[in-house]
Every structure is written in structure tokens, then in C-alpha cells.
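Dock the two chains into a complex; use the hints.
Below are the chains, spelled out letter by letter.
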Amino acid sequence: MAIFPSREWVEAVLQAAEKSEKYKEAAKDWEGDFLSIIEGDEEFVRDLSRREVMEGFISFLDMMPSEARKKFKGTPMGDVFEKKLGVPLDTPADKFSIDEMTSMASKLSAEDIKGACTYFWSDFWHGSVRAMKPVAPGEHEDATFKLSGKYSAWKLMVSGRQDTIRLVMSNKLKLEGDMSYVMKHMKAVVALTKEVFAGVPID
Amino acid sequence: MYFEIDPKIREDKGLSLLREETHRFAEEVIRPAARKLDRMSDPEQVIAKDSPYWDVLKQMKKLGYHRIFIDPDYGGLGVNATEAHIILEELGWGSVGLTTAIGVDQIAPAVASLFAMGDVIEKIVKPWVEDTEAKYHGCWGVTEPECGSDYIMACEESFLPHVKELHPGEVRADKDGDGWVINGPKSSWISSAPTATHVGLHVTLPPHDNLANGAFCIVPLEQEGVTKGKPVDKLGLRDDPQGDITFDNVHIPDDYMLIRPPFYEFRIGQIICATSCFMGTIFTGLARAAFEEALRYSRERIQGGKPLCEHQLIKQKLYKMFEKVESSRCYTRKIMEHVWERIYIERTFDASSRHALSAQIYGKRSAFEVAYEALQIFGGYGLTKDFLIEKLFRDARAGLIEDGTTEVLGLAAAYNIIEEC
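Order-wise, the sequence lines are chains A and B. All residue numbers for the first sequence refer to our numbering, where the first residue is 2 and numbers rise by one. All residue numbers for the second sequence refer to our numbering, where the first residue is 2 and numbers rise by one.
Next comes chain B alone, as it looks inside the complex (with noise of 0.2 angstroms):
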């Protein structure tokens, strides 16, 4: 079914190669996992240590799905952005709150990758990225109880100047001694939360008067003064566990602190620019997903004496159901190759916030757009629990608010179009 419309992609045995392998999986192993996740009644379920959420984990880091965004010279995959995207697309389209966990996972040691030297690179860095049990597990801590999406427009930066109109932010870093001390909370939807065994942190510092005043660290988890509460039960990417985290006189050493004044304020929408890109392709992977279970849908199912294709109106939600998929597809990996370049080759972390904030919106906007006309052409049936198509139509709307809602990722975005365009 899946046609590549890039000659020198298609073309390509390698690619065509890893498209197959990384769907295999998809379809093998993440998707049915995916299933058993969503239908556990209890979250708690999904983060047990008997869970299908740690054989996928484990599997994934076999498969070296977490070295993805690490720099090549510290142990990253060395993909480049056309490869991470057919990758990423696959794995979304298996699903997006198991490959989320892939996600959040390599933040932390990626950003240390790209930046840091010493003893965080030793101890983090190198064992994070040799490891394929799962021992290490990486979430991002952005949001907090005051302040949700909010957290992401004090990424931007052409928002500085009006940064100081938002909550100043409640996690807070201070000195102490050669190392910091980490207090307050982190919000109920950090991805990964309840299963991490480190956190990819966004910190204030002080005077504490604003979140551009802030720092990004790497804070191992599993030590006194982490709190970790109950997984969230939610609507969708139930596969996906959430949970708050709280710090209480939580010490890191100094080199823990990975991105920090002035640079926070400068370079802290380069992560952004990242998971955007990131967000942005595995929703194209949902997509494709709905799409294709509703072209298959509407090929068996029988309505009026004929294949539900066979009417127009399904004729018509199919097309732009299909080009909705690909346009998604070749907007997302345009923008995936310009912050690969800026990002990965170029090294001069000047990737376009606008370009790639727009990435994750038309993703995630396209995948609940087709997801939805696909439960459309479902009808009752798919509103039942006996077709996929409601779990991805669950999973499409939770990420209209996941990662930034998308009216927040927009208003960001438009700061940038309005300075720099």
C-alpha cells in the first residue's frame, strides 16, 4: 500500500530496506503491545515490571531506537534526518505513546550529548547509550501544576521580551556548594514520568523572577527527594504513562546542569525544534495509520448492496484522508532534514522555530483530522472497541494537547513568523 514519492528514497535499497524492517516491528511487536497497553484498566498496569511497556522498551534499545537524536561521535545511531524520519514514521504508525517513550527517553542524553564534556558524558552518556535492558529511562520534565503549554512559549525565543507576562515558573535549581539543589513540582503530564529512571529537567534560576531565567539538567530519579505520583488515567495514549514528579532538596553535581544562562534563553527552542520535528512525523505515522485502516475498512465493509469505497462521499473522505498523509509526510521530513542540517551537521543551532513548531502542529492536526473522518467511515463500529480505529482516534486527540496544545505551539510560532519573517 505504501507508496514512497521521493524517486531517490524509493529508489534507495537501503531505505527501502529500513522502511520494512522498522514497519515489521511496528506491526509485530509495538502495535499489539500498544493494544494490551490502552485496554489495561488500571495505568498502574502499564508501568508494572511484568508490562508489554518494558519488552518494547527493551526492544527498542536493542534496535538502538534510543540513540536516534545522540550525537554519532558519542554513540548515537548516526541516521541521518531522511533515515530518523522513515524510522520515526513507522514507529508512530505503531503507535505514538509507545514510541513517545523512545522519545523522551534520549532528551536528556542527547542534549549532553551535544553539548556537554567530563564526567556527565562518562557517566550518563556511555552507559545510556550501551544500554539494551531498559535499565535507563529518560523523561522530559517541562510542564508544571501553574504552568502547562505556557512552559514552551518561554522556549521561544522572539517571545523573551513579553516572557515576564507568564508564571515564573515553581521548579527552581540553587547553588549548593560544587553542585545544585532542585525543588518544587513537575506537572501530571510528563511523559514516561511514572517508569524514568532520569529526567531531562527545565529549571528556574535565580532570582526565580521568569522561566527564560532558567536551565535545563539532567536529574537521576531514583534517589531521596523524588516523588513520583500515580500514572494518569486519561482518554488517550493510555500506552503513554504520565505522571507528576516532585523535588525535594534534590542534589545534582554542576556538570549536571547542561544548558545554562545565557544560553538557555538563546538555544532552549533548539530542543523544541527537535521533538517538534519528532512529534510532527510520528502523528504522520498515526495518520497513516487511520487512513489505512479506513481504506481497508471501506473496501470490506458492504452498505447498500456495495463497497463503502464504492460511494462518493466515502470516495471523497478517502482522498483527502490520503492527502492529508502525504502531505504531512513531505512537510515534516523537509523540516526534519532542515533541523537535522542546523542541528547534526552544521552544528550551528540556529534551526527555524517557526518551521518546525508548524511541523509538529500539521502532524498532530492531520492526524486527528484523518483519524477522525476514518472513524467517520466506521460508523458505529468504530466508536466499539473491536477496531483499532478508536484507540488511534484517542490517541490523536490527546495529541492536540500533548507536548504543547496546538494553539499554544501556534501562538509561538507566530511570534517568530512576526520577528524574523
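This is chain A alone, in the form it adopts within the complex (with noise of 0.2 angstroms):
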């Protein structure tokens, strides 16, 4: 079980998408990055009260170099960081307290964490997942799609226990772009959230 969103997380995904035929031959045609945007909610709140959850989140943020975590600076997220969880976000990994942050995060409340987003981006191309990490705001803005909503959205989608197009036409999650590129290569999707995702068991 992994935790969403971890380092270990974003290394099983790139495995999956490696060693599925199924996502290959589904994706063959796909060309496009994504940018992702999770939004903080109150199941996001809930989770972070749990030791393995925060640490795979630091774990996160730490694939993102010093100068990427510096851009957090002023924006929710990084005010979650600095003002409710008692560090600065831009702190090296190694310096985070995980128990102490556990139990600071215990006591938010989902109004808290309004507005506090993690990004992260992920470049298919022709099959294969070229790239997949953490980014700071205003980064890769220019994402062929954008893919945004809630935690626990993005949980139900990653976890394969809800599909992508559901989630997306209920509006749970917001995409942006080229729309009838995606219809038309619905394939891929629905093979990235069946084969690839659902691969990787959440915790």
C-alpha cells in the first residue's frame, strides 16, 4: 500500500505504466502533459493526522528541489506549512518533524487548509510516462491539460475505485484543454486510471 501522494506512490506509478503492455498499446497515440492540482479538503485534513500519510506527503514535496518549494512561499499551502504545521515548507526534509507535524495537523480544520493546493506534473507520450513529479505554483502552466479537484477525488480516482470520466463529468474533478483530444483517445484514460492507477493500492 502506498500513500497518496508519496515518492513511493509516484515510483509505482512509473513502474506500472512500464511494465503495462495494456496502458502501452492503449496510450500508443497519446501525446500530452498534465498538470495536476490537488486541492486540500477536509479528508485531506484527516489523513495528514496520520503518521504515514505525512511522511509520505514530506516525502512528496521533497522530490521538489530547494528553490521549486521556495515558490510555495505566500501561498495557502505554503502558509499551511509555516503558520499551522510550524515550518516552512522550503525546510530540508531531513529537518521536518514528522511526529510533531502529525500531531500539529491533527488540529486543522478543513477551513484551514482552504485553498491549499500540491501540483504535481506527468508527461505521456506515445505510452510511456516520460515524467511524473512534484512542481512548485506557476510551473508548467502551460500543460496541454489540466486535471484539478479535490483530495478526496483524486483519491477515489487514483485508487481506481472511481473512473476518471465519472468523476470529471460530476465535476469533482476539473479538466482543462483540447476536450475532444480526450474523447478521442479515451482509451488511454480510462487505461491509466484501470491498468496504471488502480495498479498502485492506496493506503
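It is worth saying that the hints were derived from the structure and are not from the lab. The structure displayed is predicted, hence computed values, not measured ones. Don't take every hint at face value.
As a list, the in silico EDC-like pairs of lysine to aspartate or glutamate whose alpha-carbon atoms are at most 20 angstroms apart [claimed, not checked]:
id : chain 1 : residue 1 : chain 2 : residue 2
1  : B       : K231      : B       : D249
2  : B       : K136      : B       : E123
3  : A       : K195      : B       : E342
4  : A       : K25       : B       : E347
5  : A       : K185      : B       : E342
6  : B       : K335      : B       : E12
7  : A       : K185      : B       : E421
Encoded structure:
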């Protein structure tokens, strides 16, 4: 079981994509990168108060260079770290006190993290995932597609418990970009969820 | 008389039993009720509380036929394409009109079960699938007074560059607080409108400039602002009550808006794919019914000292009818399998519209051609009310118009053929 989002999860997803012949076949014509935006919500707050989730989340953010993490300063997510969890987000990961942060997270409310977003960028290209990594606010804004939504909706998608199309059509996730392209390549989208994401069980 | 050409289906005892059981229901319940409804002089009698229409609808719901197209994860019947095809052909054999009622019944909850989350699942889909008393009954609001079968054209993605050539639509939804407010008239040809409690409704959205800038929503009809017209008195499909619905400041919550931009213009055609398979299949059932009536009559009726079927001309007609029924079954079944795979199994929602539309056209045209020849074999008796064939002929003729005229359906398919082939 991997924590979403975490370094472990990203690595497992990349491996799953590499191994899945079904995904490679379904996405063989796909060209287009995604900027994914995960908005903090009540479930995120609840999950962060579990030590393993906090640790996984920090490992995810630690995939960004320090310079990128500095760009969160002044953003809602930067404020959550600095003002609610007691450490700036650009603090080196080994300096974070996971236990202390978990304890502080347990006192957070959904209101406290309103507007706090995590970003990751994925480059899907002809059946392979050339990159998947967390990014800073403002980076990869020119991505071909943007997919945004609350953490709880993201969990439903990456766990495979709900299909992407239902989440997007019911407004739980918002997809921006050339919709006709996505519609013509629905096999790739479905395979990404079913064969890649769902192949990495999350906790 | 029925012979299944596909050995996998023929040798499957479960499928054989399914066909037999469905056929028995069609023969013992649907067909007699359909004939009674057809002969009612006033269409108001068809929709009256004591009408056989309701008895049949309740029995169909008890048997789960209102759940064929609903996502199995949300209470759907869980049949595969072959099973759905078998059930629908048999029900269509009994009555295309009453089968249309159970078909349009499930369009809105089926769409909700496939695409929606949240309240609409709890408030609409769950009670709908559990209903065995016909407390819930759906209809499908597409065509409008100023925009008939054209509305189907707007659902074809390949036609989108030309959509502004059509009327921009009369039923409009506008944002109103957290929900939507709906205004405008749907045409007189909404199947089950006079009896329905809910409608799966096509609307346009601001700036209301074209039909593709639209949405599909579910609207409870038992509320202020909804006006229903009288059921239409018509030539055929008299057991399928049709009428208009007008909306005057009718409110729905936001999550009742099931398909909205940008998905409406790219995915609404998938509803048409599903309904087209449905129509092609039930009209295959009608074609078979007409063929069987003609074959039986041709064996019994003596002319020129021998049964009709002993005459070369009649033999030729019977052969042609047989060929149409069998080819219609094979074709509609194959297309049903394709649509089912793309919508219910792969969930890619990219079924081929040209194939689905052609299944509908082929099934309906076959039904009309077979019914036409069947009535011809009956001679003058075919024109009397003494035989079922005149009803089948009238129903088949109505089918060339219902759910989109075959001309417009063909035109929509042609746009897709030219773009995709």
C-alpha cells in the first residue's frame, strides 16, 4: 500500500506504467502533458493526522528542489506549513519533525487549509510516462491539460474506485484542455486509471 | 419456429431459457395488452389509471426490464449485450410501443448511473431501480416544436461544425442560485410523456446560441411549472402514449444536470448509440412478429385450391422477409455488442455512431418492409382489425418517424462516415 501522494507512489506508478502492455497499447497515440492540482479538503486534513500519510506527503514534496519549494511561500499551502505546521515548506526534509507535524495536523480544520494546493506534472507520451513529479505553483502552467479537484476526488480516481469520466462529468474533477482530443483517446485515459493508477493500491 | 443461428447462444441453456421466459411474457402479457391499448378510441384511455398500460409497466418493472441499461454497480440488471438483445427482441415481438415505454423509462437513471455521483444517485437512481410498482416512470425529452429529428443531428459529433444551421433550441436552462431553472416546450412526440414522473431532458445553456451548447438533465415532472399536453391520437404505436411537455420556470438542483459542457457536445451521441441499438433490436422483434404472422396465415389460407405458401410468388415474399428478419437480428446484435463493450465494459464511451445509427435504421426499415409484405400476403383481410398484422404494419410505419426519421438518422450517420471512414 502506497500513500497518495508520496515518492513511493510516484515510483510505483512509473513502474506500473512501464510494465503494463495494456496501457502502452491503449496510449500509443497519446501526446500530452498534464498539470494536476490537488486541493486540500477535509479528508486531506484527516489523513495528514496519520503519521504515515504525513511522512509520505513530505517525501513527495521532497522530490522538488529547494528552489521550487520556496515558491510556495505566501501561497495557502506555504502558509499551512509555516503557520499551522510550524515549519516553512522549503525546509530540508530531514529537518522536519514528522511526529510533531502529525500532531499539529490533527488540530487542523478544513477551513485552515482552504485553497492549499499540491501540484504534480506528468508527461504522457506514446504509451510511456516520461515524467511524473511534484512542481511548484506557476510551473508547467502551459501543460496541454490541467486536471484539478479535491484530494478526496483524486483518491477516488487514483485508487480506481471511481472512473475518471464519472469524476470529471460530475464536476468532482475539472479537466481543462482540448476536450475533443481527450474524447478521441478515451482508451488511454481509461487504461491510465484502470491499468496504471489502480495497479498501485493506496492506503 | 425460432432457430438461433449462433451455436454459442443456441447451446447456452441459460440464454435459451431467457428467450423462452421473455417470449412467454411477451406473448401472454404484452401482446394482449398492446392490442387492447391499440384499440382504445381515445388516447386518454391508454394513460388512465385503470389502463392495462400500468399493469404491463408494473410487471416489466417486477421482472427488472427497467434496469437493463443501468450500470450494474448502481442496481442495473447486469445483463450482457447478448442477453439484452434477446430480451429486447422478444419484448419488441410483443409490442414495440410498450417496449418503448420501458426503454425511455430508463434513459435518465441510466445516464445518472453511468456519470453521476452524490444526491442524484440516492434520490433518483436507487429508488428507481428498486421500484416494482411503477411509481417512477421516465420519458426522454429531445425533440421540440421548431426542431424535430434535427435535434438528433446535433447529437452527432461529426455534424458539430454545421450545428448553427439548425434552430438553436427552445427548451433552455439557466443558472439560478445553486440550481437551474428551465423554460420552453418539448414537442408532442415525447414517448411516455403523458404517463411519466420524470424526464431525461435535453436543454440548451446560455447564450442559447446552438443545440450543441447544451446539457442533459433529469427533471421531476410532478412539480409546479410543468404542463403536459393531451396524448396524441395517431396512426401507429398507439400503445406508446406520446405528448408534449412545457416548462415554465421549473427548478432542478445542480446535480440533476447530468451531462454538461464540454461533455455534452462530445458524449451526448453515446446516448443515441444506446437508444439506436435498442430501437433496431425491438423493431427486429416486430419484423419477426410480422413474418411469423404471414407465414402462419400463408399455411392456413387456401387460394386457388392450395395454401398461399404453395404459390411461387408467396414463397418468394416469405424468403425475402425471412432474410430481412435474420439479417436484422445479426446486425443489430453485433452493433449492440459493440456499443455495450464501449459503454458498459471498456467505459470509453466511444461507440461508433454510424454503426449504431445504421442498426436503428436497418431494424426499423426491415420491420416496415417485412410488415408491408406480410400485410400484402394477408390481402384484404390484412386491412381488417381481425388480424394482428394491421397493427404491426401501422407500428412499423410509425417507427420510420419515431426516435428520429430514418432520413435524418441516415444523414447523421453520413456525416460520421465521411469524417471517420
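Outcome of the hint check:
1. B/K231 x B/D249: 17 angstroms, holds
2. B/K136 x B/E123: Within the cut-off at roughly 16 angstroms; holds.
3. A/K195 x B/E342: OK: A/K195 and B/E342 at ~16 angstroms, within 20 angstroms.
4. A/K25 x B/E347: 16 angstroms, holds
5. A/K185 x B/E342: 16 angstroms, holds
6. B/K335 x B/E12: 18 angstroms, holds
7. A/K185 x B/E421: The hint holds at about 11 angstroms.
Of the numbered hints listed earlier, not one is contradicted by the structure.
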